[in-house]
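Peer 1: Can you make the complete structure from the sequences, with help from the hints?
The listed protein sequences derive, respectively, from chains Z and B. Under my numbering, the residues of the first sequence are numbered 67 to 726, in order. Under my numbering, the residues of the second sequence are numbered 63 to 281, in order.
It is worth saying that the hints were derived from the structure and are not from the lab. Check each hint, because a few of them may be wrong.
[To be verified] Here are the simulated lysine-lysine pairs, PhoX-like style, with alpha carbons at most 25 Å apart:
{"no.": "1", "chain 1": "B", "residue 1": "K277", "chain 2": "B", "residue 2": "K110"}
{"no.": "2", "chain 1": "Z", "residue 1": "K360", "chain 2": "B", "residue 2": "K110"}
{"no.": "3", "chain 1": "Z", "residue 1": "K179", "chain 2": "Z", "residue 2": "K695"}
{"no.": "4", "chain 1": "Z", "residue 1": "K566", "chain 2": "Z", "residue 2": "K519"}
{"no.": "5", "chain 1": "B", "residue 1": "K279", "chain 2": "B", "residue 2": "K110"}
{"no.": "6", "chain 1": "Z", "residue 1": "K570", "chain 2": "B", "residue 2": "K240"}
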Amino acid sequence: MSDEKNGLSRRTLFQLAGIAGAAVAVEGCAERERRPIGPERNVQTTCGACPAGCGIVVRAVGPGSQDAVRITGLSGHPVNDGGMCPRGIAEIQNLYHPERLRGPLARQPATGKLEPIGWAEAFERLADKTRGSEVVFGAGDLGRGERQLLRGIAARREAAVVDARLPWGAAPVEAMREMLGSGEWRFDLPRATFVLSLGADWLQSFPSPVEAQRAFGAMREGPRRACVVTADARLSVTAARSNDWFPVARHHLPEFALSVAHAMVRMSPAVAARSPAFAALAGETRFGATETGKRLGIRPHLIDWTASGLGMGGVVVVDGADRGIEAAGMALNLVAGAIGRPGGVVAAALPPLPAGLGEPQARETGEFPRTRAAPVVILAAANPVQLALAGSGFREGLARASFVVSLSPFLDESAERADLVLPVSTPLESRNLTWGCTLDGRGFVSAGPAAVKPLYDTLEWPEALLRVGRALSVELPWKDAGAYFAAAAEALSAQDLLKKGGFKSLEQDPAPPSLPADPGAWAAETVRSALSRPGPGAFPLGLAVHVPLAFLGGSGAHLPYLHGIAQVSGREIWQTVVELHPDTARALHIPEGAPVWVDSARGSIQAVLRLRQGIRPDSAGLALGLGRKALGAFAAERGTNPLDLVESAEPAFVRVRGAT
Amino acid sequence: MAVDLDRCTACGACTVACAQENNVALGNPDRPDQLIRWMEILPAERGKYPEVSARLAPSPCQHCDREPPCARVCPVYATYRNVEGLIPQIYEQCIGCRYCVNACPYTCKHFNWSRPEFPAPFERGLNPDVSVRNAGVMEKCNFCYHRLQVVRDTAAQEGREPKLGEYRTACQESCPTKAIRFGDLDGELEGVRENERAFTLLEDLGLMPKVIYLKEKTS
Numbered sequence: 067m068s069d070e071k072n073g074l075s076r077r078t079l080f081q082l083a084g085i086a087g088a089a090v091a092v093e094g095c096a097e098r099e100r101r102p103i104g105p106e107r108n109v110q111t112t113c114g115a116c117p118a119g120c121g122i123v124v125r126a127v128g129p130g131s132q133d134a135v136r137i138t139g140l141s142g143h144p145v146n147d148g149g150m151c152p153r154g155i156a157e158i159q160n161l162y163h164p165e166r167l168r169g170p171l172a173r174q175p176a177t178g179k180l181e182p183i184g185w186a187e188a189f190e191r192l193a194d195k196t197r198g199s200e201v202v203f204g205a206g207d208l209g210r211g212e213r214q215l216l217r218g219i220a221a222r223r224e225a226a227v228v229d230a231r232l233p234w235g236a237a238p239v240e241a242m243r244e245m246l247g248s249g250e251w252r253f254d255l256p257r258a259t260f261v262l263s264l265g266a267d268w269l270q271s272f273p274s275p276v277e278a279q280r281a282f283g284a285m286r287e288g289p290r291r292a293c294v295v296t297a298d299a300r301l302s303v304t305a306a307r308s309n310d311w312f313p314v315a316r317h318h319l320p321e322f323a324l325s326v327a328h329a330m331v332r333m334s335p336a337v338a339a340r341s342p343a344f345a346a347l348a349g350e351t352r353f354g355a356t357e358t359g360k361r362l363g364i365r366p367h368l369i370d371w372t373a374s375g376l377g378m379g380g381v382v383v384v385d386g387a388d389r390g391i392e393a394a395g396m397a398l399n400l401v402a403g404a405i406g407r408p409g410g411v412v413a414a415a416l417p418p419l420p421a422g423l424g425e426p427q428a429r430e431t432g433e434f435p436r437t438r439a440a441p442v443v444i445l446a447a448a449n450p451v452q453l454a455l456a457g458s459g460f461r462e463g464l465a466r467a468s469f470v471v472s473l474s475p476f477l478d479e480s481a482e483r484a485d486l487v488l489p490v491s492t493p494l495e496s497r498n499l500t501w502g503c504t505l506d507g508r509g510f511v512s513a514g515p516a517a518v519k520p521l522y523d524t525l526e527w528p529e530a531l532l533r534v535g536r537a538l539s540v541e542l543p544w545k546d547a548g549a550y551f552a553a554a555a556e557a558l559s560a561q562d563l564l565k566k567g568g569f570k571s572l573e574q575d576p577a578p579p580s581l582p583a584d585p586g587a588w589a590a591e592t593v594r595s596a597l598s599r600p601g602p603g604a605f606p607l608g609l610a611v612h613v614p615l616a617f618l619g620g621s622g623a624h625l626p627y628l629h630g631i632a633q634v635s636g637r638e639i640w641q642t643v644v645e646l647h648p649d650t651a652r653a654l655h656i657p658e659g660a661p662v663w664v665d666s667a668r669g670s671i672q673a674v675l676r677l678r679q680g681i682r683p684d685s686a687g688l689a690l691g692l693g694r695k696a697l698g699a700f701a702a703e704r705g706t707n708p709l710d711l712v713e714s715a716e717p718a719f720v721r722v723r724g725a726t
Numbered sequence: 063m064a065v066d067l068d069r070c071t072a073c074g075a076c077t078v079a080c081a082q083e084n085n086v087a088l089g090n091p092d093r094p095d096q097l098i099r100w101m102e103i104l105p106a107e108r109g110k111y112p113e114v115s116a117r118l119a120p121s122p123c124q125h126c127d128r129e130p131p132c133a134r135v136c137p138v139y140a141t142y143r144n145v146e147g148l149i150p151q152i153y154e155q156c157i158g159c160r161y162c163v164n165a166c167p168y169t170c171k172h173f174n175w176s177r178p179e180f181p182a183p184f185e186r187g188l189n190p191d192v193s194v195r196n197a198g199v200m201e202k203c204n205f206c207y208h209r210l211q212v213v214r215d216t217a218a219q220e221g222r223e224p225k226l227g228e229y230r231t232a233c234q235e236s237c238p239t240k241a242i243r244f245g246d247l248d249g250e251l252e253g254v255r256e257n258e259r260a261f262t263l264l265e266d267l268g269l270m271p272k273v274i275y276l277k278e279k280t281s
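Peer 2: Take a look at the structure:
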């Protein structure tokens, strides 16, 4: 039926009704109180969720435009060019998380509980406790400037700095330092033509997550179209998006790399001169493609094919988790001639450091100094109770500390045990000034103001660190964070950027690296030692640990939206999943979805079994990030922590058994 | 919407951007089965070890162009195909019968089993342009319809027509690899349907989804 007289058909009438309905729906829900939108601001600044330094635009609404409700990427920014990663977007949930600390806390001797305390008293207490004491810093995921500040304070106080970051997904800094003289090198993925991911799930865990995704997009663009292959025990996200997946057990990855090097030298003997020591090791008959393929359970022609790809201008991507694998990967880059070549591994062109942030700088170590009897431990964004590897001795160090201080926006597992908790602001409440280098080696500076005012009685990171320094009787050139930011911005010619938000690209070339005579000698020695590590014994399954992007660096489980993307290869949520091949599970008589125990020589954790074809039958896959004991309902007591199974980031072995 | 699976890295930025933009419920860790995500990365593993591959496809509501099954079964006209060809969901009109959940072959409709809670101060991060749904109401991706309204309002205030590419969805905006493109199939996405890599989910059903995937290149 239609009302043609009025020129209104029944269909049009319904359409109009629908549009009106949609407007109502968008307008708001009657039962909830509507917040005034207020004046709206779009604040251009720099993301501080990780040290990558993406440019962002924060939409702030509400009274005084102080409610951050949307984060988008800043177009043209050299790191993210308008794109975002889930961690950056979830900063809004980090800012407004109900579990955030409202002000400093100190443990009261009488009650043994953490109670509120004033800032002045907190730093006085810190000064008292550190007077004449040895100090050890734990440095977690800090921004570049903040890390420099902390290391500068530590050097002046002769304190040790323990790197408390999770090694999975980190840059292979040790291999770069040992082989190439500096840790400031980048995998030039945007210009790569062939990429071998050696056990690295770089699309999920990488020091600069958005750049990794963008580089992948660039590889898929135009006629150049790079080839990506991944050698890993499980079909990771990177493996799934690669042209080919070579199922290689984690503990066999150094052998796989040697075999590829063997094939490269066989194809073109001249390449051996790039690293005589590594080439000599790889030249051993046992690393021939046929023998290695048989030993590792992969087809020999894949080894030759990979060697051809690398030989024609490829690059090997590794992370800094296992020394043996990172050494093998970087040595393979040497043999492939990738060092210093566009599309290979390129030196970073970083701007000169602002005065006061340069030397002296304490060197970071991977292990807690065992000689220090009862030190004062200061944790800066570090959470060793949850994330330290057993072999680092950090948890034992914490147990024998005379006094523990935690700088964190949250009462995490380590802060819960601290004697003094100093809350820092979240990135959206802080000014951000950072500098770095994109994957193709171009330097940049990125900065911006705080998007919103601090919600609570917290300090920006530079302010907190400067005050810690002062409590330790270390004087740096800046009286407060304002002076620090002003001086750093001046040194980097970034005053405007800090005020209005933005970035600038740097034109200077990187300093020419001075490479040792055979940069691969260290790698050859390290890989040789990795080859003699014990294989599976009573624990028959190689453990393939991985870090989802949602829980990059092992954190993020408190942010509810991130749980929806944490399980990429399945749909389980808020639980730890162990992946097994169906044949392996059948032999164990465990059905899919069953609760299981995963045991190692070090411990046991519970998990739920997921079956997938995309994992070697001799391996078990486990994701990091859950198993938290703190941080509220979205994180605490959800899943288990696979770090309880391992001593170090070296390949480990487990067994799986039914839990019922 | 066009999703180029050759470029997509399954990073999940689209999922989180969508949830943040549309005030999607936080979820209840004790009821993970009731989690609502308007945009999901659907994992699909194919083949047998060692010849295994996986497709990871971002999947919003497919906005069926021909007789959307959800609209066909909705007894109260809470979901329908509108003049722009989008399939909105009218929360105020929905009676929560869940017929549409059963009808949707793409599992894109979500039911609020309980009233979404945003414990203070989480609610300060809610997008004021979008309502928070109530218990007993269906919800799903609406291609960020509120953004279209903003674009139209802005254009009207400035006395002009909306520009090509001005209406952007949150997932598209966040995508770091630019794998998600959005726009009119006769405008921004002209030619996408004819792309040799183009396909839609469950094509045999003949629903003509408006989310067009470009499959991975084989070389």
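Peer 1: If a hint holds in the structure, say so; if it does not, say that too.
Peer 2: Hint by hint, here is what the structure shows:
Simply put, K277 of chain B and K110 of chain B have alpha-carbon atoms about 21 Å apart, close enough for the 25 Å limit, and the pair holds. Only pairs whose Cα atoms come within 25 Å are accepted, and K360 of chain Z paired with K110 of chain B is accepted, the gap being roughly 20 Å. Proposed proximity of K179 of chain Z and K695 of chain Z is supported: the alpha carbons are some 17 Å apart, at most 25 Å. Between K566 of chain Z and K519 of chain Z the CA atoms are separated by roughly 16 Å; this keeps the pair inside 25 Å, and the hint holds.
In summary, the hint linking K279 of chain B to K110 of chain B is supported, as the alpha carbons are separated by about 21 Å, within the 25 Å threshold. For a cut-off of 25 Å, the pair hint linking K570 of chain Z to K240 of chain B stands: about 23 Å separates their Cα positions.
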